[in-house]
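S.K.: Model the placement of chain Y on the given structure of chain R, informed by the hints.
Protein chains in written order, with my numbering: chain R, 15 to 328; chain Y, 15 to 328.
Simulated from the structure, these hints should not be mistaken for lab results. Quantities reported herein were computed from a predicted structural model and do not represent experimental measurements. Possibly wrong hints are sitting among the right ones.
Pairs of lysine-lysine residues, derived as DSBU-like cross-links and limited to a Cα-Cα distance of at most 35 Å, are as follows [unchecked claim]:
1. R:K149 to Y:K270
2. R:K55 to Y:K290
3. R:K60 to R:K90
4. R:K34 to R:K84
5. R:K291 to Y:K47
6. R:K207 to R:K270
7. Y:K302 to Y:K328
8. Y:K213 to R:K291
9. Y:K291 to R:K60
10. R:K291 to Y:K54
11. Y:K270 to R:K291
12. Y:K129 to Y:K316
13. R:K213 to Y:K290
14. Y:K316 to R:K270
15. Y:K84 to Y:K16
16. R:K207 to Y:K270
17. Y:K207 to R:K291
18. Y:K47 to R:K290
19. R:K270 to Y:K149
20. R:K218 to Y:K207
There are 2 protein chains.
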Amino acid sequence: MKCHLCGVKEAVVYQLHTSKALCRDCFINDILKRVELEIKKYNLIKSNERVLLAISGGKDSFTLLDVMSKIHSSSKLIALTLIEGIEGYNRADVLDFMKSKTRELGIDHIVLTLKEAVGASVDEFVKNMVLKNIKIPPCTYCGIARRRAINKVAREQGVDKVATAHVLDDEAQTYVMNILRGDTMRLVQVHPKGPWLSKLFIRKVKPLRKIYERETALYAYFHGYKFQERECPYITHIPTLRARVRDYLYRLELEKPGSLLRLVELLDEALSDYVKKYYELPELPHCKMCGEPTSYNREICKFCELLMSVGLIK
Amino acid sequence: MKCHLCGVKEAVVYQLHTSKALCRDCFINDILKRVELEIKKYNLIKSNERVLLAISGGKDSFTLLDVMSKIHSSSKLIALTLIEGIEGYNRADVLDFMKSKTRELGIDHIVLTLKEAVGASVDEFVKNMVLKNIKIPPCTYCGIARRRAINKVAREQGVDKVATAHVLDDEAQTYVMNILRGDTMRLVQVHPKGPWLSKLFIRKVKPLRKIYERETALYAYFHGYKFQERECPYITHIPTLRARVRDYLYRLELEKPGSLLRLVELLDEALSDYVKKYYELPELPHCKMCGEPTSYNREICKFCELLMSVGLIK
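Chain R extracted, bound-state conformation (with noise of 0.2 Å):
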């Protein structure tokens, strides 16, 4: 079969959510200019800003770094991996896969164990918590501190921008989510115009946010990558709110394919107004501990609270 948008090359993806067989190139190019289009529609990122993309390694993040590499000028790019800090989860080959990509692409790229960034790895903070006696999940720490350390990296680089590797299927599960519980103030933070409440905070973007998980998988397939998503040896299976949205979404877009991208769409318009009233809220006040940004209730931040709770500051 032809290509349903050049008709000249065969086609090798079918496009679930617009029923189009694509060649490879039109696919390639598909993505690319959805993009483009989003980061135009939202003006997410300016030509001229310098950006720090944070790459795990895992098809997403690939995906992420290929396509900013083509749509923004290489030398305004700027890579961090981050290390977690977990025994048999080190993955040396991704790591290596991915530095050769980003020296293939004039990219620099900035690997920093979470240890080095912001004083704990996972395992430490598994260590200390099993000495204490408590119990919380590693997920909360890695999180935490992964948030913090790209925080950390983009302010100590002085750029504008840190982009993420969200796909669309993220936001339309992290809407779906705070609808489902009720909470504004992260509802309106999934939003592209959606407030940013310190500046110490620099401001992230999520530029594959309306391209399904799927194609990631395709793209990064496309262009070399060949890793499977390797099972984190913390992982819990418990169904949390996220597994069992992720659950329904899947199944809905199985259903009805496309159902995900009409969702995040219909949301981000519905609430482009709202999300303004969000701007005049004061900035965020500052942890007590650590000085960085912290919740409006809180006097002490979540990240130092965690470090505090199994022992590892005083």
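M.R.: Frame of chain R; chain Y shown alone:
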């Protein structure tokens, strides 16, 4: 245990979403106050307006009738009950109870069969459908015919508003369903300030939209209502989108009581500006067969289309 509100009478109800134990009187007063607050907040019904109460006879509609008689002048209320015309599902006992209730409250009560109101009962529709050897869920006809009948009676009676007995559970489901479907047009119509697209439609309001179904069940029970919901013989247990959303939301509510209330409040608030964009839409076009309003993309309304498809009109 004493009531958490008055501190005097024995508590008989545990209000899940506030974690409060209430006595019968405080429970009832709380419902009345919350309905009044909702009506006032969105200016759903003005004190001088005449209102048609669409009451099926279920506990929700019993509650609507009783609550409205207490917070609005009874002389400005008219009740309407429609008989679907389904063999083995006439619920004469419930109807007698509702009629004695409206008599007691001094509220005019119109009882009409769907046949009288719009020309064909549900059974007649199904019979003709079988003859034509086509398949349309009877609920599709029943829902559309009832809406048509309610609006017709409301217009004939010259009322200002139609009040339906939709409760919080319904509102939460409809909001989430329309988000999942990406149906913005229907999404904004769930909102109490949603657009009203035709002068031929009498404006519908939902006074119980912040009251849980579990609360209307108790409220009705406290006022002498003792019927169980009976199942329509045409009901099918196909897992529709609504059924799945309902299950999901009930689980959420069970885990975190108050979730549905927060969800509806969040969307009411988040969509409050957005719905106004729809005020600029033109009036709905009129069906070429019956002259009633129909969707923008239609020439013949869904109701006429259904009747034609089974040969009830030509």
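S.K.: Hint by hint, say whether it matches the structure.
M.R.: Cross-check of the supplied hints:
Only pairs whose Cα atoms come within 35 Å are accepted, and R:K149 paired with Y:K270 is accepted, the gap being roughly 22 Å. At most 35 Å may separate the alpha-carbon atoms for a hinted pair to count; R:K55 and Y:K290 meet this at roughly 22 Å. A C-alpha spacing of about 11 Å is found between R:K60 and R:K90, which places the hinted pair at or below 35 Å, so the restraint holds. A hinted pair counts as satisfied when its Cα atoms are at most 35 Å apart, and R:K34 with R:K84 qualifies at roughly 24 Å.
Distance restraint check for R:K291 and Y:K47: the Cα-Cα separation of roughly 29 Å lies within the 35 Å cut-off, and the hinted pair is therefore satisfied. Proposed proximity of R:K207 and R:K270 is supported: the alpha carbons are some 28 Å apart, at most 35 Å. As the CA atoms of Y:K302 and Y:K328 are separated by approximately 13 Å, the hinted pair is consistent with the 35 Å bound. Of the pairs offered as hints, the one joining Y:K213 and R:K291 holds, with about 33 Å between alpha carbons and a cut-off of 35 Å not exceeded.
Straight-line distance between C-alpha atoms of Y:K291 and R:K60 comes to about 29 Å, which keeps the hinted pair within the 35 Å bound. With a C-alpha separation of about 23 Å, the suggested pair R:K291 and Y:K54 falls inside the 35 Å cut-off, and the hint holds. About 28 Å separates the Cα atoms of Y:K270 and R:K291, which keeps this hinted pair within 35 Å; it holds. This hinted pair checks out: Y:K129 and Y:K316 have alpha carbons roughly 17 Å apart, not beyond 35 Å.
The hinted pair formed by R:K213 and Y:K290 meets the criterion: a straight-line CA distance of about 33 Å does not exceed 35 Å. About 23 Å separates the Cα atoms of Y:K316 and R:K270, which keeps this hinted pair within 35 Å; it holds. Between the alpha carbons of Y:K84 and Y:K16 the distance comes to roughly 26 Å, so the proposed pair stays at or under 35 Å and holds. Between the alpha carbons of R:K207 and Y:K270 the distance comes to roughly 30 Å, so the proposed pair stays at or under 35 Å and holds.
With a C-alpha separation of about 19 Å, the suggested pairing of Y:K207 with R:K291 holds against the 35 Å cut-off. About 32 Å separates the Cα atoms of Y:K47 and R:K290, which keeps this hinted pair within 35 Å; it holds. At most 35 Å may separate the alpha-carbon atoms for a hinted pair to count; R:K270 and Y:K149 meet this at roughly 22 Å. For the suggested pair R:K218 and Y:K207, the alpha carbons sit about 34 Å apart, so the restraint of at most 35 Å is met.
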